Amino acid sequence: MNTSTTPVAAVMTPKPVCARLDTPVKEIAETLTRRGISAVAVVDRQGLIAGVVSEFDLVRLLREDRRHHWWQRASAPSRTAQDVMSSPARTVAAGEPVCDVAARFTQTGLRRLFVVADGRPVGVVARRDLIGLFSRPDTDIDHEVTTLLWKALQLGPERARAMVHAGVVTVAGRVERRSEIAAVTRLIEAVPGVVEVRNGLDFVWDDVA
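In the working numbering, the protein residues as written are 25 to 233.
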């Protein structure tokens, strides 16, 4: 796949788990444990992301508790997401290229980034999601490429066919115009899991020369 053009929205996990500003810390801890996740997005009344509460934030809270006497902890009001969240949240726009997100992971050491659209969390992307691009089954890639050829380019099996092996897509057949060949390559390169496109398409007439 072409990571310079593929948006992070194509590889993110949609519908991230969110908490309100007034959600109790205890409830957030239970959610992390029950859902097997490492962080939740905290949103305000308008649904805009205000911060993040992660496992790290909760562990840090335990460390801070050691510095207080038991009667101070007992008399303190119940803490909420707003009290412990990391803010501002580190986010990435849904349309940001995968390659840029990978760069942010390597530069910051972060494990995940919440994906936002118009300031609202729409997904979450983790390092493992990017690694997963290299291990997508050929059958899944083949199905998506075949659908792409038909729906986006109106190329049925009588005009173009694709074969996938180890993420390498080989395309054969004939298109009407020479310029269509480059368009086919670009579209297939954007399919998650594709590592190389070997385009063997022929053309009827040359509209490039």
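If you are wondering where the hints come from, they were derived from the structure by calculation, not from laboratory data. Hints are supplied without guarantee of correctness; some may be wrong.
EDC-like cross-link-like pairs, simulated, lysine to aspartate or glutamate; straight-line CA separation at most 20 Å [claimed, not checked]: (1) K175 <-> D142; (2) K39 <-> D68; (3) K39 <-> D107; (4) K39 <-> E54; (5) K175 <-> D153; (6) K50 <-> E79; (7) K50 <-> D107; (8) K39 <-> D162; (9) K175 <-> D164; (10) K175 <-> E213; (11) K175 <-> E200.
Since the model is a prediction, treat every value here as computed from it, not as a measurement.
Structure-based check of all given hints:
no. : hint          : verdict
1   : K175 <-> D142 : violated, 29 Å
2   : K39 <-> D68   : holds, 16 Å
3   : K39 <-> D107  : violated, 24 Å
4   : K39 <-> E54   : holds, 19 Å
5   : K175 <-> D153 : violated, 27 Å
6   : K50 <-> E79   : holds, 12 Å
7   : K50 <-> D107  : holds, 12 Å
8   : K39 <-> D162  : violated, 26 Å
9   : K175 <-> D164 : holds, 16 Å
10  : K175 <-> E213 : holds, 16 Å
11  : K175 <-> E200 : holds, 16 Å
This entry does not satisfy hints 1, 3, 5 and 8, going by the numbered hints stated previously.
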